[in-house]
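Engineer: Here is what each chain is made of, one letter per residue.
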Amino acid sequence: EDKVVQSPLSLVVHEGDTVTLNCSYEVTNFRSLLWYKQEKKAPTFLFMLTSSGIEKKSGRLSSILDKKELFSILNITATQTGDSAIYLCAVELWDNFNKFYFGSGTKLNVKP
Amino acid sequence: DAGITQSPRHKVTETGTPVTLRCHQTENHRYMYWYRQDPGHGLRLIHYSYGVKDTDKGEVSDGYSVSRSKTEDFLLTLESATSSQTSVYFCAISDGTEKETQYFGPGTRLLVL
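Read top to bottom, the protein sequences are chains A and B. Take 1 as the starting number for the first sequence in my numbering and just add one per residue. Take 1 as the starting number for the second sequence in my numbering and just add one per residue.
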């Protein structure tokens, strides 16, 4: 059975800290891994990763994929209170149909 | 932002009543999805569609049905709502290509009393 597991489930840090969020997966017909940020509304897209070892970066956020060990990490440096959100990892599958499986998310709380 | 709207945005209903949620897209994307989101469960796929009149079940499809008579519209129906269906429902779209990701609608908050 396909599954996506995120850890930790929740995390409390202080502004300026660096955090690492984890996502492991066991799926067939893997196409890509996606990271989303969700505040009190719909998830918004952060990164799409398809190749191992190539870091994607956007400001203070970065992510990398390891297709051999089947995991990805999302790093946030110099955290700010505006980074407080749920971070969702999803795996895109392709087996005649385009499907996505989501992990349960990591809830990040950044305190001033 | 991708052109996806959902209606209604909020709904309160009673157990046993039918409910239909609508998702409308202006992107002409082939794939459309309905998810529900509950605390501790992330996003769980209810049903998805890979074309007009082509739909299939996701991981939590019991109690739900869908229809897609036009490319732009994907309807989710709760035939007889139950309190366990209280949730936030998100519609999403994708074009199925390798370079494009999945985009989400704004969500519908449903409360079944």
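Hints were generated in silico from the structure; no laboratory data involved. Take these hints with a grain of salt, some might be off.
Claimed, not checked - Cut-off 25 Å, straight-line C-alpha distance, at most; resulting in silico cross-link-like pairs (DSS-like, lysine-lysine): (1) Lys56(A) to Lys68(A); (2) Lys11(B) to Lys3(A); (3) Lys107(A) to Lys56(A); (4) Lys40(A) to Lys53(B); (5) Lys57(A) to Lys67(A); (6) Lys3(A) to Lys37(A); (7) Lys41(A) to Lys11(B); (8) Lys67(A) to Lys37(A).
Note that the coordinates shown come from a computational prediction; the quantities given were computed from them, not determined experimentally.
Engineer: Check whether the Cα positions of Lys57(A) and Lys67(A) lie no farther apart than 25 Å.
Structural biologist: Judged against 25 Å, a Cα distance of about 18 Å means the pair holds.
Engineer: If you draw a straight line from the CA of Lys107(A) to the CA of Lys56(A), is it 25 Å or shorter?
Structural biologist: Given pair Lys107(A), Lys56(A) holds - Cα atoms ~21 Å apart, limit 25 Å.
Engineer: Has the given pair, Lys56(A) with Lys68(A), been kept, meaning a C-alpha gap of at most 25 Å?
Structural biologist: Status holds; Cα separation ~18 Å.
Engineer: Are the Cα atoms of Lys40(A) and Lys53(B) separated by 25 Å or less?
Structural biologist: violated (33 Å)
Engineer: Would the pair Lys67(A) and Lys37(A) pass a check requiring their Cα atoms to be no farther apart than 25 Å?
Structural biologist: OK: Lys67(A) and Lys37(A) at ~22 Å, within 25 Å.
Engineer: Going straight from one Cα to the other, do Lys11(B) and Lys3(A) come out at no more than 25 Å?
Structural biologist: violated (31 Å)
Engineer: Regarding the pair Lys3(A) and Lys37(A), is the alpha-carbon distance no greater than 25 Å?
Structural biologist: holds (20 Å)
Engineer: Just to be careful, I want the Cα atoms of Lys41(A) and Lys11(B) compared with a cutoff of 25 Å; is the pair within it?
Structural biologist: Cα-Cα ~16 Å, so holds.
In the structure shown, a violation is registered for the earlier hints numbered 2 and 4, in ascending order.
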